Each structure stands twice: as structure tokens, then as C-alpha cells.
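Trainee: Next come the chains, spelled out residue by residue.
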Amino acid sequence: MAIMDFNLKTEKGLKDFNNFLEDKSYVSGWTPSQADVDALNQIQKAPPANLPHALRWYNHIRSYPADELKKFGASGACPLKTATTTTAPAKDDDDDVDLFASDEEEDAEAAKIRDERLKAYAEKKSKKPELIAKSSIVLDVKPWDDETDMKELEKATRTIEMDGLIWGASKLVPVGYGINKLQIMCVVEDAKVSVDELVEKIQEFEDFVQSVDIAAFNKI
Amino acid sequence: MVVPPHQYLKPVGSLLKVPLDKSNIINNCSVTSSIIKTVEKSQPTLGPLDNIETSKMQQWIEYSIVYAANIDCSQDSHTILKELDDTLSITTYLIASRPTIADVLLYHVLVNILASLGNSDKESYMNVCRWFDNIQQNKLFRQSNKLVNFTINYLSRIANIKVD
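One line per chain: the protein sequences are A and B, in this order. All residue numbers for the first sequence refer to full-length UniProt numbering, where the first residue is 1 and numbers rise by one. All residue numbers for the second sequence refer to full-length UniProt numbering, where the first residue is 1 and numbers rise by one.
Keep in mind that the hints were calculated from the coordinates and are not lab data. A quick note: this is a predicted structure, and the numbers were derived from the prediction, not measured. Please note: incorrect hints may appear among the correct ones.
[As the list claims (entries may be wrong)] Quick list of the computed label-pair ranges, beta carbon to beta carbon: (1) Gln7(B) x Lys192(A): 52 to 58 angstroms; (2) Asn149(B) x Lys70(A): 32 to 38 angstroms; (3) Ile166(A) x Asn149(B): 50 to 56 angstroms; (4) Asp146(A) x Ser120(B): 53 to 59 angstroms; (5) Cys73(B) x Asp190(A): 41 to 47 angstroms; (6) Lys45(A) x Val66(B): 57 to 63 angstroms; (7) Ile52(B) x Glu68(A): 16 to 22 angstroms; (8) Tyr67(B) x Phe217(A): 25 to 31 angstroms; (9) Ser120(B) x Lys192(A): 42 to 48 angstroms.
[Said to hold, decoys possible] Below, a list of computed lysine-lysine pairs in the DSSO-like style, where the Cα atoms sit at most 30 angstroms apart: (10) Lys119(A) x Lys146(B); (11) Lys45(A) x Lys12(A); (12) Lys82(B) x Lys119(A); (13) Lys56(B) x Lys146(B).
Cβ atoms here follow ideal geometry from the backbone N, Cα and C, with glycine treated the same way.
So here's chain B without its partners, still in its complex pose:
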């Protein structure tokens, strides 16, 4: 499912207390740079701390908008989720050791896809789910979205342990 830009830009914009709509973006040349610019002004803790983080953030935001938001078949979604799963297997957040605007944006891009996953799919993207679950617990990040349920994971794991 292709995610229309307003669906992820609106919540990110309201988190940053700036409407991120088309006019703003055109003024600032690109979505990526305008997101990073506004985050530095209004929510510095979610922004980059140094140049390395800035460029990582640019890459992740670009990735979210170009790839993750344009998933139009299940093959794509598998590729993207697998990629993310591999990345997140060694880190807790996308960048650094704290949630950043890139995490929030990717959360809003993926929220519908994650919500539509079945339990067995959730199991196979365990690292994505862990990351997602952690991000969605923050009300500021989640905003009007519903919590996606991941609790079945616990149950199935308890079942596994018992089988062992």
C-alpha cells in the first residue's frame, strides 16, 4: 500500500508544532531538509547532535519517504521489512541511542503496514516489531494512532519454552 505523504507528514508536523504541508516543503527545497530544519528548532532532542547524525538522519528520512512509503506489493513490503529487521537487529533505534525524528517518521510510514501484519509475519520481523512497539509507547510519537498489538509474541514464546 502506498502511503500518501500527508498521512505521515501531518503527525510529524504536529509533533514539531509546524504544519508540514506542501507550501512549507517547497520553500525549503526538500521534505528531508525541511524536517531536519524544523526539528532542530522545535524539538532539538529528536534532532541530530552532530554531522554524522545529520547525514544518517537524512538518509533514513529519504529512505522512509522514497522506499518505505511506496510499498505497493507484498514482495516490496517483505524486502523493506527484512531490510529494517536486519538493521534493527543490532541497534535499538535507527540513529544513535535515542529516538529521533527519523524513528517517528518511519513509525508513521509503517503504521498501517505493521497493523495489517498477521502474527506469523510479526514473528518473522521480530526486530522491527520490537522497535515499533517501543516507539508507539510514546504518546507524543503515536498521536492519534491506535496501539498495534504485539502481545501475542509473548504468548507464543511462552508456549515455545514449554515445548522445549
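This is chain A alone, in the form it adopts within the complex:
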């Protein structure tokens, strides 16, 4: 018989209890027993949602009517266990009353959890299509010669503003003969930004830009 030494009044005890129940349906054995009832009496309110196993067990044991719960106690073959309950019947009764008084609270809690999940799900759902429609692009912007002011070039590039276009990090990559090219990242929303148009716009800075290439193009 698995003996429970979790202090269910503390958060840590509850957490250990949660881990303990991970692969068990009941505190002890394969059917509800006095051990379950004892543990239930120790827990005043439903375990939080981040302890799914404890919560599942709690809801399960609580789903039995009170007289059935008492029966589990009586049929618990272990005499020691029954003895401990008879010593503190008053306390048990109190807890029983508490159990049913907290019904509403539990409902509110369950509703809250459900709401949270729904919200999380809706968020996930709303994010998904948005993510699909975005691309991360790395552009190579090449200057005319080594005398082109790369800082000005970058500044000019970043002045381009389009709906759905976000500039990211940039760096200078040496090409040879002291010439650097500007590698700049940007994230675009496919539906709003045409990449060709963006490239053309950069090439319009004829003073600085010789050519623009797409170095990398990734859908996110």
C-alpha cells in the first residue's frame, strides 16, 4: 500500500502529489480507497490548472457522492487506516461540508480554466494564418565602389516605409578590393508587400546603390 506522506497543504506537497499521480489513477491500488478520501479531505480547494494530474484525480474523486466516499473508507481493508479516521470524525465532517460548499467555487474555477484554454486556442488560431503570410528576407545591397558611404546607404534604405514591412538587423560584408556590401534583413507580409517593388525602391537610390539581390527568402 502506497503511504502518502505529502503535505497537501503546501504548494510543494501538492506538486509532489501531482507527480505521484502522473501514472496512477488512485492514491493507492486500482480502485478508490480510504487513502483517496483522506487526501481529498486534506485538499481544501481544487488544485491549480498547472497540476493537471492532481486536478484530474481531484475531479474524479469528488465526482463520487458523499455516502459512496464513506463506503470506500469502510471497505478499505487496512484497519489502521480506518482507525485514524474514527479518531477524527468531527474534522472529517467539517471537511465534507466544506466540500460541497465549495461546489460553486469549483465551477467558477473550471469555467475560468475553460475560458483560459479557449482564449489560448483562439490566440493560437488567430496567429497562425498571420504567420504563414509572412516572409523573412535577406537583401544584398551592393554599392558602386569603395568610396560609397555605406552608412548613408543604409540610412537611405531604411527610409523606405511600406505597410507590412519591418526592417531588421544589418551588417556589412566585405566583397573584395575594400568594397563592402550591405546585408539587411527584413520581414514582410506577403499580401501587402511586393518584394520586386521593394527591390526597385532600393535601387532608386542611384547615388549609392548599384544592384540589389535577394540573398535569402524564407516563409515564416
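Go by the hints and put chain B onto chain A.
Mentor: Chain B only, in chain A's frame:
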């Protein structure tokens, strides 16, 4: 692996003390309704108590026979087990707070798949394993099947605690 119907209907039938074979099923139109009808007669504790439970039971039995019994690739088995794992993460049994005929049927449908799982797979479907382990402890439900071993879970968890 696709589970042939007799493999799960025979043990369920012998639990219900009625041979659930083809002839019976044809008489009663569908496997689902014939299972529920016979369970109400011979093992009322495993049957539904009200209409909600009846329809849940129908859905689970249908699910077991249509989906779980027709797993033919590992991708399928992953999908099904994941689904069950999510469902069982918040409940102890499929329906209500007691084992029902739907649990027993699903047990017999899944027994070979669960037995073939490696330990790491068992870990990832922890809730299914807990449920399965609990069902298989009942000799009436398990019948001639061997117990599937889940004890490695304890060991690995003890190991984890020590690492922590």
C-alpha cells in the same frame, strides 16, 4: 496494425456472457448498439446510467471500432494515442467516474499497440498508460491478456527526481 473485430469483440462478449459475433451484430443493426444493449442486460454497472452517458458511450465505442481498431501506420497510432492522451489528461475513465464497457472495449482494441510501445513512447503517452494500467488490473476486463508492464515509469521518474 489493424485489429480484426473478433480480437476485441470476443473478450468483450465473454465479459458480457453473450457471444458477440457476426450473427448477433447483424440482428442488432450495429456493433455499437448491440454492445450497449447487451451490457445493459448482463453487466448494468458497466453500462450507461442516463442518456448523456449512453451517447458518450456510443461515441467512444464507435471511435474505438472505426479509428483505434484501424491503425495501420505509426503516424496513425501517434495521432490516436495523442488524442486519447489529451482526453485522459483530465479524466480518469472515458465516461463518468467508473470503468464502463467503452473502457473495456478500447482496452482490448489497444492492448497490442500498447504492448508494442517502447518505454520512451510510454512516457510520452503517460495518461493513456495510466488509464490502461488501471483497466488491466481488473481480471474481468483483462481476461486472457497478459499484463503490459508500465513499471519502468516509476524507475525513470525516481531517476529524474534524483537528478533534480
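Trainee: In ascending order, which of the hints set out earlier in this document are inconsistent with the structure?
Mentor: Checked against the structure, the hints that fail are numbers 5, 6, 8 and 10, while the rest are satisfied.
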